[in-house]
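Trainee: If you want the building blocks of each chain, they are given just below.
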Amino acid sequence: MKMKTLTVNAIIAALYVAVSLAIPALAFGNLQFRIAEMFNHLIVFNKRYFFGIVAGVFITNLFSPLGIYDLTFGVAHSVISLGVVLLIIPRLKSETHKMIVTAVVFTLTTFIIAYELVLVYALPFYLTWLTVGAGELIVMLIGIPIIKALGKRLNLATLLN
Amino acid sequence: MLEKMIFGRYIPGDSIVHRIDARAKLVFVFLFIAIVFLANNWITYGLLIAFTLTIVAVSGIRFYFIVSGLKPVLFLLVFTFLLHTFFTKEGTVLLDLGFTEIYTGGVIQGIFIAIRFFVLVVMTTILTLTTTPISITDALELLLNPLKKIKLPVHELALMMSISLRFIPTLMDETDKIMKAQMARGSDMTTGPFKERMKAVVPLLIPLFVSAFKRAEDLATAMEVRGYKGGEGRTRYRQLDWNLRDTVAILLLVVFAVGLFLLRS
Chain A
1 MKMKTLTVNA
11 IIAALYVAVS
21 LAIPALAFGN
31 LQFRIAEMFN
41 HLIVFNKRYF
51 FGIVAGVFIT
61 NLFSPLGIYD
71 LTFGVAHSVI
81 SLGVVLLIIP
91 RLKSETHKMI
101 VTAVVFTLTT
111 FIIAYELVLV
121 YALPFYLTWL
131 TVGAGELIVM
141 LIGIPIIKAL
151 GKRLNLATLL
161 N
Chain B
1 MLEKMIFGRY
11 IPGDSIVHRI
21 DARAKLVFVF
31 LFIAIVFLAN
41 NWITYGLLIA
51 FTLTIVAVSG
61 IRFYFIVSGL
71 KPVLFLLVFT
81 FLLHTFFTKE
91 GTVLLDLGFT
101 EIYTGGVIQG
111 IFIAIRFFVL
121 VVMTTILTLT
131 TTPISITDAL
141 ELLLNPLKKI
151 KLPVHELALM
161 MSISLRFIPT
171 LMDETDKIMK
181 AQMARGSDMT
191 TGPFKERMKA
201 VVPLLIPLFV
211 SAFKRAEDLA
221 TAMEVRGYKG
231 GEGRTRYRQL
241 DWNLRDTVAI
251 LLLVVFAVGL
261 FLLRS
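Chains A and B, in that order, are what the protein sequence lines are.
First residue of the first sequence? That's 1 in full-length UniProt numbering, and the numbers climb one at a time after it.
First residue of the second sequence? That's 1 in full-length UniProt numbering, and the numbers climb one at a time after it.
Calculated directly from the structure, the hints in this document are not laboratory data.
Just so it is clear, the structure is predicted and the values come from calculations on it, not from any experiment.
Don't be surprised by glycine CBs; every beta carbon is placed ideally from N, CA and C.
Warning: the hint list may mix true and false statements.
Partial selection, computed: residues in chain A whose CB lies under 7 Å from chain B [stated by the list, open to error]:
1. Met3
2. Lys4
3. Ala18
4. Ile146
5. Leu150
6. Gly151
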């Protein structure tokens with residue numbers, strides 16, 4: 001692994017955690033969602049952001065009350081979703097389309113998180129999937145214009161080289 | 001900013017729980033999570049509580065901190081309890097509310113789930129309260145070492161994690177600073193229509209990313225000019241060592257699991 005890839009990913013992970021922990025002031029209404037989830041869109045620019053995103057999820061969940069549960073399922077959710085996204089997006093051309101695919105994939109795979117909650121709290125599966133998925137979809141869709149705006153100022157694709 | 005870091009809050013101490021090897025603690029908590037599901041009657045759930053409270057007592061951490069770990073999930077706990085109380089139709093009718101009836105089975109089920117949840121949260125809270133994030137990372141690296149065989153860059157990932165942990169407080173301060181700087185320029189992230197608030201995120205994220213990437217670049221250059229090379233032959237600053245007490249801790253848990261298995265109905 002290149003040194004720059006390593007440090008940029010480390011910083012992305014740190015940003016993920018910092019934004020997750022520092023912006024609860026931006027909790028919009030009752031739906032509690034993670035603004036940092038929009039960083040998942042970075043995968044569209046370069047597949048090597050994979051490690052940073054996963055590490056960010058990992059560290060954030062290290063601080064979560066459900067601890068190792070969230071750690072295992074949260075990381076599994078990110079790894080699987082990113083994997084699926086990486087299989088689909090090379091076929092697409094437009095950046096926006098790629099991001100929409102990312103949003104949809106991450107939303108659908110929240111069944112993993114829903115399953116975790118079912119295991120721990122024995123909640124009804126479909127209802128949990130719906131609420132968790134809705135939160136994820138909203139953040140990811142809002143994330144599209146934001147990350148695109150970011151992409152205009154920074155050369156996200158080549159920063160890792 | 002610092003008070004928000006209340007999660008991941010390591011509390012220094014010298015109890016036996018603090019001194020147990022981070023690897024042992026990780027394995028312990030992983031096994032414990034599986035073991036919790038063995039309990040299915042009053043005796044086994046009672047034992048789970050007793051076991052957890054014993055560990056709390058031994059760890060020497062004030063109960064206040066444990067309770068503060070439960071606060072963010074209290075709502076979910078109550079919600080689940082009520083859900084089970086109202087929707088499990090087993091046993092005899094305990095209370096007739098007219099529109100619905102509460103059964104004894106439902107209340108018992110609710111209590112059991114609540115206990116399971118309580119012990120899980122307390123146990124993982126103890127792990128993070130008695131182990132620094134950096135030693136959890138180290139422990140994971142060592143536990144995942146066998147995966148190097150399938151070409152997983154375990155060492156690099158662990159290094160990435162350590163760098164990340166070091167930069168979290170820095171970047172949180174930075175986020176705070178940029179938020180305040182933009183607010184001073186009239187940006188409003190807490191009131192106004194939803195769309196406006198979302199727009200206000202952009203002037204926050206861009207400077208944050210620019211400065212963060214600059215740090216990453218400086219760090220990469222610094223490491224390269226010093227000829228950093230990980231992996232083979234590299235010694236460690238923080239050493240983990242596995243002692244007898246670590247083996248004993250794991251064995252105690254196994255004995256406990258066997259006990260639960262025998263007592264479950």
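Trainee: Run the structure past the numbered hints and jot down the numbers of the failing ones, going up.
Mentor: Of the numbered hints, just 6 does not hold.
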